[in-house]
Amino acid sequence: MPPTRFCLAFLAFFFVNGLHAQTHAENGKRYARLAIRNATIIDGNGTPAAGPKDVIIENNRILAVVPLDPVSLSNGRAKRQPADVEIDATGKYVLPGLIDAHAHTQDERGGIAQPVDYELKIWLACGITTVRDVGSDTKKTLALRAKSAAGEIAAPRIFVYPMFNAQPPVPTTLEQARARIREYKQMGADGVKFLGMYRDIMEAAEDEAHKLNLPIAHHVGVEETNAWDDIHFGTRSIEHWYGIPDAAIPDGVQNFPPTYNYNNETDRFRYAGHLWREADPEKLQQVLAAMVKANVAWVPTLDIYEASRDLQRAQNQPWFAEYLHPTLEEYFRPNPKNHGSYFIGWTSNDEVFWKENYRIWMAALRDFERMGGVIGAGDDTGFIYELYGFALLRELELHEEAGFNPIKVIQHITGNNAKILGMEGKLGGVRAGYLADLIVVNGNPLENMKVLYPTGIEEIRDGKQIHTGGVEWTIKDGICYHAPTLAVQVR
1 MPPTRFCLAF LAFFFVNGLH AQTHAENGKR YARLAIRNAT IIDGNGTPAA GPKDVIIENN
61 RILAVVPLDP VSLSNGRAKR QPADVEIDAT GKYVLPGLID AHAHTQDERG GIAQPVDYEL
121 KIWLACGITT VRDVGSDTKK TLALRAKSAA GEIAAPRIFV YPMFNAQPPV PTTLEQARAR
181 IREYKQMGAD GVKFLGMYRD IMEAAEDEAH KLNLPIAHHV GVEETNAWDD IHFGTRSIEH
241 WYGIPDAAIP DGVQNFPPTY NYNNETDRFR YAGHLWREAD PEKLQQVLAA MVKANVAWVP
301 TLDIYEASRD LQRAQNQPWF AEYLHPTLEE YFRPNPKNHG SYFIGWTSND EVFWKENYRI
361 WMAALRDFER MGGVIGAGDD TGFIYELYGF ALLRELELHE EAGFNPIKVI QHITGNNAKI
421 LGMEGKLGGV RAGYLADLIV VNGNPLENMK VLYPTGIEEI RDGKQIHTGG VEWTIKDGIC
481 YHAPTLAVQV R
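The sequence shown: position 94 = 94 (our numbering), numbered continuously.
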C-alpha cells in the first residue's frame, strides 16, 4: 500500500475507533466532558443526515460537533477531542431531544391517583426532553419544573402554560383579564393557554400578555373567536385545529343539527368530524396565508383524534399491555363523566366522516407549510386512548401520512417546536453552544419512525430475525438517561 493511503487508512481507523475514555455513561449522571462517538446526526433544521461525527458535551452544553468523514480526515478538519466518558454511537443516529408542544402533567385521572413519575419516565424513555404543559395544575407543574431544572428528578424540561380561565373566579371584565395575566406572570408561568374565550376578554388578556412577554397557545373551542382573532391579536400557536376551518365557513357558523349540545361530548366530537368539509377552500387559503403572515404557528395534535376515525385500532395499541397504567386504562373506558371518553354509540358512519376530516385537514397542513407556516408537534395525551410518549411518536407517523418528508417531520418536533417555545438557538438542534438535549437511537428514523418506540421493531439481518430499535440514551441538560432502564422501571 502506498504510504499516503496507509496513513489515511490508519487515521480513519484511529478516528472511527476513538479515544477510549476511562468509563462509560451511567443512567442519571451528568459528566464534565462526555463524547458521543461516531454518530450519524439528524439535525433539527431540515438538513439531511450526516456522519460519522463526534458530539462533545461539557456539563449541560454541546461544546463541539466534529466531522469524521473521509474528506474531513484527509484535509485535517477532524480533530477528535478527548472526554471523560463516552457513548459509542457507531451505526446509530443522534437527534435533538424531542419536544412535546402540547402536553399535560397528570397525577390523577378521573379522581383516581396516578404517579406523575410514571408519565415523566415514559417521556424520557421515548426520547422526549422538553414538554410544554398547556393547562394542568399550575402550582404542581411549576414545582415539577423547578425540580426538573435542578436535576432532582428524572424528567424533561417543563414549560408551564396555565389555562387562563381554569381557576375561579373566571375573569369577566377587561381589567380582570389583564390581572389574571399579571398573576400568572408573577407565579413564573412561561406562557398562557386560552380556551373558551369571549373576544373582548381575549383581546385584553392577549394585549397584557404581549406587554409581559408571555406567549399564548389557543385551543379555539366552539366559541365566538376563531383563527382570525388569533391572527389579529398575535397568538403564538393554535392548538389542534379548531378555529381554522371555522374561520373559513361561508355563513360564519357550522351547520349544527337543532339537537346539538356542545357539553355532550359525543355530540361535540361527532360534529367536529363534519367541520372541515364545511370550510370554503378559497377562504381557507386566505386564513392559512394570514396565519403565516402573522407568525401564528400550528400544533395540530393529529394523534389525539385518531380514535375518532378508527376506534378499534385506538383501543388495542400494542404498547398498552406493558405500559398502560391501570388508572389511565380505567379513565379511557367510555364514560360521560371523563373528558375525552365519549365513545358511547360511536358508529362506523362517524369514522367515515372523520377519515374525510383527516384528508382535508392534512391537505391544509401541507398548504400551510408550503406558504411558510411553522408546524409543531404535540400529542395532548392522557385522553382518548393516547399514552404519554408513545402518542408523540405516533404523531410523527401521522405527519408523514400528511405528506411531509421525514426530515421535515423531525424538524417539526425539534427545531420548529423550539421556535414555538421561544428557544430557537438553544434547543432543537445538534450544534455547538446549544443545550445538551440529545437522543441516541438504535436505527434510522428517516427510514422508519417506528425505531423510536421503546417497544422496538423486528428486522431481518443476515437471514436472521432480530429485535432492535428504541432510543438507547436520552440526554437532557447533559444528564444521561438510559432509556431501556427507564422503560423497565415503568413496566
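Hints may be right or wrong, so weigh each one.
[Claimed, not checked] Derived DSS-like pairs (lysine-lysine); straight-line CA-CA distance at most 27 Å: (1) Lys464 <-> Lys450; (2) Lys211 <-> Lys426; (3) Lys426 <-> Lys185; (4) Lys464 <-> Lys29; (5) Lys79 <-> Lys426; (6) Lys337 <-> Lys139.
Think of the hints as simulated: they come from the structure by calculation, not from any bench.
A quick note: this is a predicted structure, and the numbers were derived from the prediction, not measured.
Okay, the hints, checked on the actual structure:
With a C-alpha separation of about 20 Å, the suggested pair Lys464 and Lys450 falls inside the 27 Å cut-off, and the hint holds. A C-alpha spacing of about 23 Å is found between Lys211 and Lys426, which places the hinted pair at or below 27 Å, so the restraint holds. Taking the CA atoms of Lys426 and Lys185, the gap is about 22 Å. The hint holds against a cut of 27 Å. A threshold of 27 Å between alpha carbons decides the hint, and for Lys464 with Lys29 the separation of about 36 Å lies outside it, so the pair is violated.
Between the alpha carbons of Lys79 and Lys426 the distance comes to roughly 25 Å, so the proposed pair stays at or under 27 Å and holds. Pair hint Lys337 plus Lys139 holds up; C-alpha atoms about 25 Å apart against a cutoff of 27 Å.
The structure shown violates just one earlier hint, number 4.
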